[in-house]
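Enquirer: So the first sequence is numbered by the working numbering: it starts at 125 and just counts up by one.
These are calculated hints, taken from the structure and not from any lab test.
Check each hint, because a few of them may be wrong.
What the hints assert, rightly or not - Heads up, simulated PhoX-like pairs for lysine-lysine below, C-alpha to C-alpha not over 25 Å straight-line:
1) Lys252 <-> Lys377
2) Lys371 <-> Lys410
3) Lys377 <-> Lys365
4) Lys365 <-> Lys410
5) Lys342 <-> Lys410
6) Lys172 <-> Lys128
7) Lys342 <-> Lys371
8) Lys252 <-> Lys342
9) Lys377 <-> Lys342
10) Lys189 <-> Lys172
11) Lys410 <-> Lys374
12) Lys263 <-> Lys172
13) Lys410 <-> Lys377
14) Lys342 <-> Lys374
15) Lys263 <-> Lys252
16) Lys374 <-> Lys252
In this text, all values refer to a predicted model and were calculated from it rather than measured experimentally.
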Amino acid sequence: MEVKDFDLGLSAMSGQPLAFYSDYRRSGATEILTYPTQLGRITVSASKRGCVSSVRSSCSESHYKAAAEREVVERFALDEDLSDVYARIDTDPFMSQAISELSGLRVTKNDPWETVLCFVISQFNNIKRIRGIVGNLSKAFGEEIRPDGETMHLIPTPAALASADLSAIRRCGTGFRDRYIKRVAEECSTRVDLGELYDLDYAEAKERLLALHGIGDKVADCILLFGYRKLEAFPIDTWVKRVVETKYFKGRKRSIRQIHSFAERRWGDLSGYANQYIFYQGRLNKIGT
DNA sequence: ACCCAGGCGGGCG
DNA sequence: CGCCCGCATGGG
125 MEVKDFDLGL SAMSGQPLAF YSDYRRSGAT EILTYPTQLG RITVSASKRG
175 CVSSVRSSCS ESHYKAAAER EVVERFALDE DLSDVYARID TDPFMSQAIS
225 ELSGLRVTKN DPWETVLCFV ISQFNNIKRI RGIVGNLSKA FGEEIRPDGE
275 TMHLIPTPAA LASADLSAIR RCGTGFRDRY IKRVAEECST RVDLGELYDL
325 DYAEAKERLL ALHGIGDKVA DCILLFGYRK LEAFPIDTWV KRVVETKYFK
375 GRKRSIRQIH SFAERRWGDL SGYANQYIFY QGRLNKIGT
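The whole structure should be built from the sequences, with the hints applied where relevant.
Expert: This is the structure:
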């Protein structure tokens with residue numbers, strides 16, 4: 125299929141959940157992304173011609189081919205017109221440049237539980253290590269699938285992690301996050317139904333997430349943005365805080381609350397899109413360091 | 001050696 | 001509400 129404004133590599137590897145459990149490589153002009161799902165292993169390849177990408181998806185279980193295509197369209201929001209988004213978040217020269225340099229970066233739609241797990245692990249951590257920990261947990265506690273005879277592991281379910289020994293979780297390299305992981309897995313496999321949050325508005329859903337142990341303001345916003353695709357969420361990590369202070373407040377310190385308020389006034393219900401461009405543009409160019 | 005990483009919970013004033 | 005602290009681990 126042909127898609128306008130889609131960059132597979134930027135969308136998958138810019139710090140969203142796929143960056144923690146997929147494999148990405150480039151082969152000449154073609155980009156190839158592989159990740160495990162309930163359907164089996166999904167492979168997405170894309171080649172760009174100008175602002176249009178030719179996208180092909182496949183599944184190791186060939187009879188799920190149509191389902192794999194739907195999965196890819198939904199995960200990368202390929203039916204969303206990015207030019208509308210750009211028109212609404214392009215409020216200043218910094219954002220204009222970010223949009224221009226990161227053209228085709230899309231906010232992805234991920235499984236809520238997988239997003240919870242990834243971002244509980246993300247706290248006080250770096251992307252490379254998050255990848256390692258998610259991989260170790262998947263290997264230790266995730267269901268094994270064998271596409272084409274090759275072994276892969278799904279991300280572990282809440283029940284699998286809830287019944288795991290704390291020390292076995294710790295051995296996956298989680299550090300002090302072992303308790304958060306086990307406890308949030310217990311909550312999500314018993315009294316908490318993450319599926320209910322789809323129907324709640326942003327503020328109500330955030331309140332529910334904040335009630336879970338190990339989920340604070342920033343992680344809750346990541347889950348709402350990447351797991352439920354509530355585009356008004358504006359996760360504020362160290363990068364976003366620094367970049368916003370540098371680019372929008374002349375380098376003066378601002379509180380998390382002030383930055384939330386600033387983003388809401390400026391980008392409204394598309395704050396999450398602006399956030400992803402700020403975050404990745406800031407990282408690539410080390411803005412504020 | 002030191003510093004940092006897509007922060008959070010708990011305790012304090 | 002804001003501020004401060006400890007927290008595990010690996011890479012620059």
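Enquirer: Given the hint that Lys263 pairs with Lys252, test it: the Cα-Cα distance must not exceed 25 Å.
Expert: holds (17 Å)
Enquirer: Is Lys365 close enough to Lys410, meaning Cα to Cα at most 25 Å?
Expert: holds (13 Å)
Enquirer: Check whether the Cα positions of Lys377 and Lys365 lie no farther apart than 25 Å.
Expert: Given pair Lys377, Lys365 holds - Cα atoms ~9 Å apart, limit 25 Å.
Enquirer: Between Lys377 and Lys342, does the CA-CA distance stay at or below 25 Å?
Expert: Holds, at roughly 18 Å.
Enquirer: Given the hint that Lys263 pairs with Lys172, test it: the Cα-Cα distance must not exceed 25 Å.
Expert: Violated - the C-alpha atoms of Lys172 and Lys263 are around 34 Å apart, more than 25 Å.
Enquirer: If you draw a straight line from the CA of Lys252 to the CA of Lys377, is it 25 Å or shorter?
Expert: violated (28 Å)
Enquirer: Are the Cα positions of Lys342 and Lys374 separated by 25 Å at most?
Expert: OK: Lys342 and Lys374 at ~23 Å, within 25 Å.
Enquirer: Mind checking the alpha carbons of Lys410 and Lys377 for me, to see if they're no more than 25 Å apart?
Expert: Status holds; Cα separation ~17 Å.
Enquirer: Within a Cα-Cα threshold of 25 Å, do Lys374 and Lys252 meet the stated pairing?
Expert: violated (31 Å)
Enquirer: Between Lys342 and Lys371, is the straight-line Cα distance small enough, at 25 Å or below?
Expert: Holds. Lys342 to Lys371 sits at ~20 Å (cutoff 25 Å).
Enquirer: Can you confirm whether the C-alpha distance between Lys410 and Lys374 stays at or below 25 Å?
Expert: holds (16 Å)
Enquirer: Is the Cα-Cα distance between Lys252 and Lys342 25 Å or less?
Expert: Within the cut-off at roughly 19 Å; holds.
Taken one by one, the earlier hints fail for this structure at numbers 1, 12, 16, listed in ascending order.
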